[in-house]
Amino acid sequence: MSKKRMMGLFGDFEEAHDAIADIRRNEVPGLTVDDVTMTSPIEHPEVEEVLGERPVHIQKFTLFGAIFGVVFGFIFLAAAQASFLVQPQGGKPVIALPSNIVLVYEMLIFFAVWLTFFAFIFLSGLLRKRSSLYSEKVSLDQVAIIVEIDESISESVKGLFEKHKVLEIREEAIR
Amino acid sequence: MTMVTEKDINEQIAWAKINTDVLKSMENPRPAYWVTLAVCIAMVSTAVVAEYIQYTVGMGTANLNNPHMWDMYIAAFVFWIGMSHSGTLLSAILHLIHADWRKPIYRFAEAMTTFSLLTAGIFPMIHLGRVWNLYWVLPYVSDRGIWPNFRSPLVWDAFAITTYLTASMLFLFVGMIPDLAICRDNTTGWRKKLYGILALGWVGSDRQWRHFRKIYLLMACFLIPLAVSVHSIVSADFAMSIMPGWHITSFPPYFVAGALYSGCAAIITLFILLRYFFRFEDYMTLPIMEKTAKLTFAIAMVWTYLNLIEFASVWYGHDVYNKELLIAKATGAYAWIFWTMLFCGSVLPFALAFRKLRRHMPTMFVVSLFLNLGMFFERWMIVAPTLSMSQEPHQWDIMYGSIVEWAIVFGSFGWFGMLFLIFVKVFPSVSMYEVKEMVFHRKRSAGEEDLVRMTDHAKPVTQTTGGGSA
Numbered sequence: 001m002s003k004k005r006m007m008g009l010f011g012d013f014e015e016a017h018d019a020i021a022d023i024r025r026n027e028v029p030g031l032t033v034d035d036v037t038m039t040s041p042i043e044h045p046e047v048e049e050v051l052g053e054r055p056v057h058i059q060k061f062t063l064f065g066a067i068f069g070v071v072f073g074f075i076f077l078a079a080a081q082a083s084f085l086v087q088p089q090g091g092k093p094v095i096a097l098p099s100n101i102v103l104v105y106e107m108l109i110f111f112a113v114w115l116t117f118f119a120f121i122f123l124s125g126l127l128r129k130r131s132s133l134y135s136e137k138v139s140l141d142q143v144a145i146i147v148e149i150d151e152s153i154s155e156s157v158k159g160l161f162e163k164h165k166v167l168e169i170r171e172e173a174i175r
Numbered sequence: 001m002t003m004v005t006e007k008d009i010n011e012q013i014a015w016a017k018i019n020t021d022v023l024k025s026m027e028n029p030r031p032a033y034w035v036t037l038a039v040c041i042a043m044v045s046t047a048v049v050a051e052y053i054q055y056t057v058g059m060g061t062a063n064l065n066n067p068h069m070w071d072m073y074i075a076a077f078v079f080w081i082g083m084s085h086s087g088t089l090l091s092a093i094l095h096l097i098h099a100d101w102r103k104p105i106y107r108f109a110e111a112m113t114t115f116s117l118l119t120a121g122i123f124p125m126i127h128l129g130r131v132w133n134l135y136w137v138l139p140y141v142s143d144r145g146i147w148p149n150f151r152s153p154l155v156w157d158a159f160a161i162t163t164y165l166t167a168s169m170l171f172l173f174v175g176m177i178p179d180l181a182i183c184r185d186n187t188t189g190w191r192k193k194l195y196g197i198l199a200l201g202w203v204g205s206d207r208q209w210r211h212f213r214k215i216y217l218l219m220a221c222f223l224i225p226l227a228v229s230v231h232s233i234v235s236a237d238f239a240m241s242i243m244p245g246w247h248i249t250s251f252p253p254y255f256v257a258g259a260l261y262s263g264c265a266a267i268i269t270l271f272i273l274l275r276y277f278f279r280f281e282d283y284m285t286l287p288i289m290e291k292t293a294k295l296t297f298a299i300a301m302v303w304t305y306l307n308l309i310e311f312a313s314v315w316y317g318h319d320v321y322n323k324e325l326l327i328a329k330a331t332g333a334y335a336w337i338f339w340t341m342l343f344c345g346s347v348l349p350f351a352l353a354f355r356k357l358r359r360h361m362p363t364m365f366v367v368s369l370f371l372n373l374g375m376f377f378e379r380w381m382i383v384a385p386t387l388s389m390s391q392e393p394h395q396w397d398i399m400y401g402s403i404v405e406w407a408i409v410f411g412s413f414g415w416f417g418m419l420f421l422i423f424v425k426v427f428p429s430v431s432m433y434e435v436k437e438m439v440f441h442r443k444r445s446a447g448e449e450d451l452v453r454m455t456d457h458a459k460p461v462t463q464t465t466g467g468g469s470a
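The listed protein sequences correspond, in order, to chains Z and G. Counting from 1, one number per residue, gives the positions in the first sequence under the numbering used here. Counting from 1, one number per residue, gives the positions in the second sequence under the numbering used here.
Note that these hints are calculated values from the structure, not bench results. Each residue gets a CB set at the ideal place from its N, CA and C atoms; glycine is no exception. Please note: incorrect hints may appear among the correct ones.
What the hints assert, rightly or not - Here are some, though not all, of the chain Z residues that point toward chain G, as calculated from beta-carbon distances under 10 Å: (1) Asn26; (2) Glu27; (3) Thr62; (4) Ala66; (5) Phe68; (6) Phe72; (7) Ile75; (8) Leu77; (9) Ala80; (10) Gln81; (11) Asn100; (12) Glu106; (13) Ile109; (14) Leu123; (15) Gly125; (16) Tyr134.
Said to hold, decoys possible - Listed next, with one range per pair, are the computed distances between beta-carbon atoms: (17) His394(G) x Ala78(Z): 56 to 64 Å; (18) Phe72(Z) x Arg444(G): 44 to 52 Å; (19) Ala99(G) x Glu151(Z): 30 to 38 Å; (20) Gly121(G) x Ile174(Z): 44 to 52 Å; (21) Pro98(Z) x Pro287(G): 13 to 21 Å; (22) Ala80(Z) x Trp132(G): 17 to 25 Å; (23) Glu14(Z) x Asn10(G): 56 to 64 Å; (24) Phe72(Z) x His98(G): 31 to 39 Å; (25) Met301(G) x His57(Z): 41 to 49 Å; (26) Arg213(G) x Phe76(Z): 28 to 36 Å.
To be verified - Below, computed lysine to aspartate or glutamate pairings styled on DMTMM-like, alpha-carbon distance capped at 25 Å: (27) Lys17(G) x Glu168(Z); (28) Lys163(Z) x Glu148(Z); (29) Lys17(G) x Glu14(Z); (30) Lys443(G) x Glu15(Z); (31) Lys165(Z) x Glu437(G); (32) Lys443(G) x Asp12(Z); (33) Lys17(G) x Glu15(Z); (34) Lys137(Z) x Asp34(Z); (35) Lys165(Z) x Glu151(Z); (36) Lys443(G) x Glu14(Z); (37) Lys214(G) x Asp141(Z); (38) Lys192(G) x Asp34(Z); (39) Lys24(G) x Glu136(Z); (40) Lys3(Z) x Glu27(Z).
Bound-form chain Z, shown alone (with noise of 0.2 Å):
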């Protein structure tokens, strides 16, 4: 069976925060939420709520940052001042602790903050193609939920979207 994706355009949150928990209730069969995007203008948790729990996995990459940077950061100056033996010391440690807690706490949050980065543009799906679907009203007013289903529940997903007031339909075919 051929399978589409369809856009539904809504002019507000109340409208597109409904049809998405109507689609939850199982209104249309064999439509569930885990098949819903949404797009939207601004953040919003309210809406997201009746998408159910989707997890964030960025915090992960953040901790890994940390303890790379502490790790990293510790063997990099201590490598290097390891090489000051060839240098006079006057009486002091080779690697001294307190200047490199300094400099380690400035590279646990150095490379704290790339691995967020990079975590958050490959786990936010940045750096793709966008669809054919996508709407620029969406970066002024609207709000598009976005589903992905089969050709026979099309009518149905329609209907439903109408129900809701929605403003605008496209369709595109998955292949």
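Position chain G relative to chain Z; hints supplied.
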């Protein structure tokens, strides 16, 4: 009695208008914008000529000689590092405490951070004299066997500032991505291509927003301790030495407070300029200006307190060099700078305590400039008197800087202004999506309040008279 509070922003403002106003600002500023940009370019040109003279003739043209080895340049460096603090730090703190009035003004404040750091970063290079040997400071295994001394606060500076610059730029960039997508969708030509690349394919999906919310929170959490550490480390450039006037335990908080103070004052200056240049009266409103001014006033009082603590600890410490230096600051050759600093930094901020003045843009503009003059003098008073009057009396000397040095420092203001003005012309200086959020949530909570009020009116009112139980 109910008190009517003025709203930070008009909640009825249409989202389409927000997009239009901000996008229009990038096309069509007032002529004053171009005049200011031209002045900044002229200032940079002056500095380039001065730097050329210093580069070819030598550091003597800047009057840098023993004991004044790093006079005005280090003062300017500290000033610019300080200026960078309020942008990102305040943006991050206000984000964490959900102070949504930051939303229309945080973007330019964060940009201010980035460009202040870029301005500060050129001073160590200028001060090197032998600029062509700059790469010697990099930590690589060279055949000369030279490594940076990791025990030196100057190396800590390099690490801290690099980290802060990187983190601030990422914070600024990440916060701009949804707006860059708006720009991409509403522009043509080279702008569309530029924004298309920078928007990284943002479409505003729920997945992107969820991750966006998380990264913004995480970065804000990192930036606060980072910003505090950066200026503490800058203070270590002085405090780790044993020079009179520098070896003071309260230096780190004093530097952080001074940094926040000058940054806040700069935010007020730029707020007023942008509001005028780009006709942002609907976004950079008087209530937001009032809040910023109150915050500045509070920080001014912290700075004043730390100054007094420093004076008191020196006075009661009975260290002869420190005490003599403090007296010399107040009565010697630099006394006029000292008293101007105290007037601008501790007395003038009381103007911010008056509502009428806080709402008068020309007054606020002038006050903010004087506050920053005071903060520049503060840095000057940290550096110059100690070098002029250290432990060795035969080295005592007064130094005000040569015209070359002043031209370079003066030009740094032009450099900062030029970068900043170009930025606000190419990128949205008001965060469109966050202003939409602000309007949306405020409208919604106002609606809920109305509903609660209506429900309360519908309830039968039970009044209790008298007090206590029988």
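Evaluate the given range 31 to 39 Å for the C-beta pair formed by Phe72(Z) and His98(G). holds, 35 Å
Does Thr62(Z) pass the interface check with chain G, least Cβ-Cβ distance below 10 Å? holds, 5 Å
Hey, does the Ile109(Z) contact hint survive, CB to chain G under 10 Å? holds, 5 Å
With the threshold set at 25 Å, check whether the alpha-carbon distance from Lys192(G) to Asp34(Z) stays at or below it. violated, 33 Å
Holds or violated: are the alpha carbons of Lys165(Z) and Glu437(G) at most 25 Å from each other? holds, 23 Å
With the threshold set at 25 Å, check whether the alpha-carbon distance from Lys17(G) to Glu168(Z) stays at or below it. Holds: Lys17(G) and Glu168(Z) sit about 22 Å apart, inside 25 Å.
Can the hint on Glu106(Z) be confirmed by a CB-to-CB distance to chain G that is less than 10 Å? holds, 4 Å
Hinted contact Ala80(Z) with chain G - closest CB pair below 10 Å: holds, 6 Å
Given hint Asp34(Z) paired with Lys137(Z) - CA-CA distance at most 25 Å: Cα-Cα ~24 Å, so holds.
Return the status of the interface hint for Ala66(Z): holds when the least beta-carbon distance to chain G is below 10 Å, violated otherwise. holds, 9 Å
Verify the interface restraint on Leu123(Z): the C-beta must sit less than 10 Å from at least one C-beta of chain G. holds, 6 Å
Ile75(Z) as an interface hint toward chain G, with CB separation required under 10 Å: violated, 13 Å
Hint compliance for this structure: hints 1, 2, 5, 6, 7, 17, 19, 21, 23 and 38 are broken, all remaining hints hold.
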